[in-house]
Each structure stands twice: as structure tokens, then as C-alpha cells.
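Enquirer: Sequence:
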Amino acid sequence: MKILVFVKTFANPTLTFLYNEVTELAKNHEVRVLTCERKHPDRFPFGDVETLPFEQNEWLAKIRHKLQVLDFEAGFKKSTFAKQLSEAIETFQPDVIHTHFGFESWLLLLNFRRTDIPIFISFHGYDASHKLNSLRYRTTLKKLLKRPNLYPIFVSNFMQKQVEARLQMSIPQAQILYYGTDVDFFKRTRTDYPKTPFIFLQVSSFAVKKGHQYTVRAFAKLLQRLDTEAQTPSKRPLLILAGEGSLRNEIEQLCQKLGISDSVQFPGLVNQTQARELMEKAHAFVHHSVTSKPIGDMEGIPNALMEAMAMELPVLSTFHSGIPELVKDGLHGFLVAEEDVENYAQKMYEILKWGYLPKNRAKVVAQFEKQQHAQQLVAYYKNALKP
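Start counting the sequence shown at 640; every next residue gets the next number (this note's numbering).
One or more hints might be untrue.
[As the list claims (entries may be wrong)] Simulated crosslink set (PhoX-like; lysine-lysine; CA at most 20 Å straight-line):
{"no.": "1", "residue 1": "781", "residue 2": "800"}
{"no.": "2", "residue 1": "717", "residue 2": "647"}
{"no.": "3", "residue 1": "834", "residue 2": "992"}
{"no.": "4", "residue 1": "998", "residue 2": "920"}
{"no.": "5", "residue 1": "647", "residue 2": "705"}
{"no.": "6", "residue 1": "678", "residue 2": "647"}
{"no.": "7", "residue 1": "860", "residue 2": "896"}
{"no.": "8", "residue 1": "647", "residue 2": "716"}
{"no.": "9", "residue 1": "920", "residue 2": "826"}
{"no.": "10", "residue 1": "641", "residue 2": "666"}
{"no.": "11", "residue 1": "826", "residue 2": "1009"}
{"no.": "12", "residue 1": "834", "residue 2": "717"}
{"no.": "13", "residue 1": "874", "residue 2": "834"}
{"no.": "14", "residue 1": "1009", "residue 2": "666"}
{"no.": "15", "residue 1": "1021", "residue 2": "1009"}
{"no.": "16", "residue 1": "998", "residue 2": "1009"}
{"no.": "17", "residue 1": "800", "residue 2": "782"}
Bear in mind the hints are in silico, worked out from the structure with no lab data behind them. Bear in mind that the values here come from a model prediction, so they are computed numbers and not experimental data.
Use the sequences and the hints to build the structure in full.
Expert: See the structure below:
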């Protein structure tokens, strides 16, 4: 099968799931990536990538970007790009086209109007939450979803229901496809349980919806509780917050304000190998996902949670978006309401007594494994190709 993947930027270090999907599909199919901007080819190598810049004039690019942010269709339409796009598609002759993110996909969908090729569009989070607050976005999206050759894919049942509710329409051609995790890579190699201190780990970008401030505040309450129980300093838990982002300095300052800087580490941006090494040493994984205010941005299902569960770590997270479809409260770890610092601190305390959870890995292997993900995706492709 010939599969054309269209994505605005390839490859973004924070979107490894997309790169993993492409490389997995390429093992058994002819896959070409069509992108407006190629990034990090050394870190994310892939042989068949065609770059098709959307706007090279710096001044016009700024204007178009502003129009795109405001969800004006004019910001996505360009006759020269449409011609180049059609030529690229005609040259490759794909059986199916797969594009990602509801709003970035407009670069393809508003410049390529043929309906004889099945086009799949994957929604991942921002495009199925915050963007739905825009009337222009909802209007255009509703129009696009009525195309007979368009097949939306959602990363959780929650996300599909939310989009249907906001658009006030059912989407019968929609499919659910959970992210796929490399369970062979994220596999525990050490069987001995790490000695003290107990390590809580989070690996994510420092963005509002990742909930770092609530994790830090809950962790401060945990340390205060343990101190009152006469825990010796050497046994105090450690919180490791790996990643980079605009809020990192703010979170570091919060740790200083709360007086817990000595118990919180910031190793910075880590690659997958480094993330796995941190998970080997950790005792529990934390990810207090929240809905960003006031814009309403939400997660899909965080890949880091799947990776941590594949490493048999108990997890602490929230009743947010599709997370309950991965994590069952009390079984795979704990879930609390968003921004509930008191309960999160309590669950941190309770999970100190937990050990590794092989059932967490079993859950990921059964429902969130990358080969299974690719096979299911190909099945969706084939079904759309049936006469």
C-alpha cells in the first residue's frame, strides 16, 4: 500500500508518537512524508521526505500565521502551494493520505479538493479541545467532515464525543485509535526494586496542561507530612521533573518558594533512552494533567503515561480527557480530580507503599502497543478502500 503522510512539521521532538507511527508503517508499506518544514533529520531519520514550504516570504508568512491563528480559511489557502501539492500527490499516487491535527490539516484539505482518495485526519488534543471554542474553526471543520472521502481518527472515546458535542453532529465514519508504545524499548531490565529515596518522576514539556504546579504543591504537602512523622532526611522522597518549556523557570521558582528545591531535580530535555533510564530508577510516575485556563486546551492520552506503565510503574494522574481509558483508579495507580492538590498529596503518600505493577505493562501491551496500532490503522485504510 502507498501511504502519503502530510504533516506541517516533521519531526517535532515533542511529537515522537507521529514519527513512531510513520516508521512502523514503513516496515510493510511504501510511505512518503510530505511536510512544509523538515526538522531534526539526524534525530529523526526517514528516507522518503518531501518538503513543500507553504510561504517563504517572511512578511507574508507573518500575515498568514496571524490569519491561521484566528482560523480564517484564507490563511491556509494559496494557489501556488495548491498546485505544488497536487503535483506531489499525483507523482506519488498514494492509495490513502493521512494528515495530522485538525487545524494544521487545513493546509492540505483547503488546497486539495479531490474526493477520489481516502483522507484520514488524526485529532490529538488541542485540535479537539481549545480550538473548538472558535466559531470559525467549528464551521470549517464541520464542512470538511462532511466530505465523503474524509475519515477522522480520535485518540480516545472522550475526544470523539467532545468533538461531536461541540459540532452538534454525529461522525459515523470516525474511528478510535489509541497511541502505540514501543513496549520492547520501554521494558524494565532491572528486577530489583530501587532503594530509597522514593522517586516520583514526570517526563513532559513544561506546559500548563501538564499540571506541574499542582504536582509540586502536592509534593510539598507530602514532604511536610513525612517530616511530621519523623522521617529522616535521607529517606525523603525525590521529585524529578524532566523536560523543557516556557514554564520551567516558574516551576523552579515555585519549588524555592515552597522550600523544597533540595528535593526536586530538573534534568532538562531528555531523549527516549534517557527517559527510560529515569523510569528504571523511579518508583512512581506522576502526570497531573489539567485543562488549560482560560483557553481550554486538553491532552489526548499522554504517551509518557503509557511508556511509564510499560515500565511497570504505578501512575498518579487525573480524571482528564482520555486518561481514564488507560488508567483505572486504584488498579494501575490513582486518579484525582484536576487541581485537587490535597487528594493528590494523599495519593502520593499511599503509593509510597506500592511496588512495580506488571499488570500496568500488560494493559499497555494489550491495547497501546505500536505494532498493534499500525495494524489497526492499516485495517482502517483497507476498509476505506473497499468499493
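Enquirer: Now tell me if each hint is right for this structure.
Expert: Results for each hint:
no.	hint	verdict
1	781 / 800	holds, 14 Å
2	717 / 647	holds, 15 Å
3	834 / 992	holds, 13 Å
4	998 / 920	holds, 19 Å
5	647 / 705	holds, 16 Å
6	678 / 647	holds, 11 Å
7	860 / 896	holds, 13 Å
8	647 / 716	holds, 14 Å
9	920 / 826	holds, 13 Å
10	641 / 666	holds, 12 Å
11	826 / 1009	holds, 14 Å
12	834 / 717	violated, 59 Å
13	874 / 834	holds, 10 Å
14	1009 / 666	holds, 12 Å
15	1021 / 1009	holds, 18 Å
16	998 / 1009	holds, 18 Å
17	800 / 782	holds, 18 Å
Hint compliance for this structure: hint 12 alone is broken.
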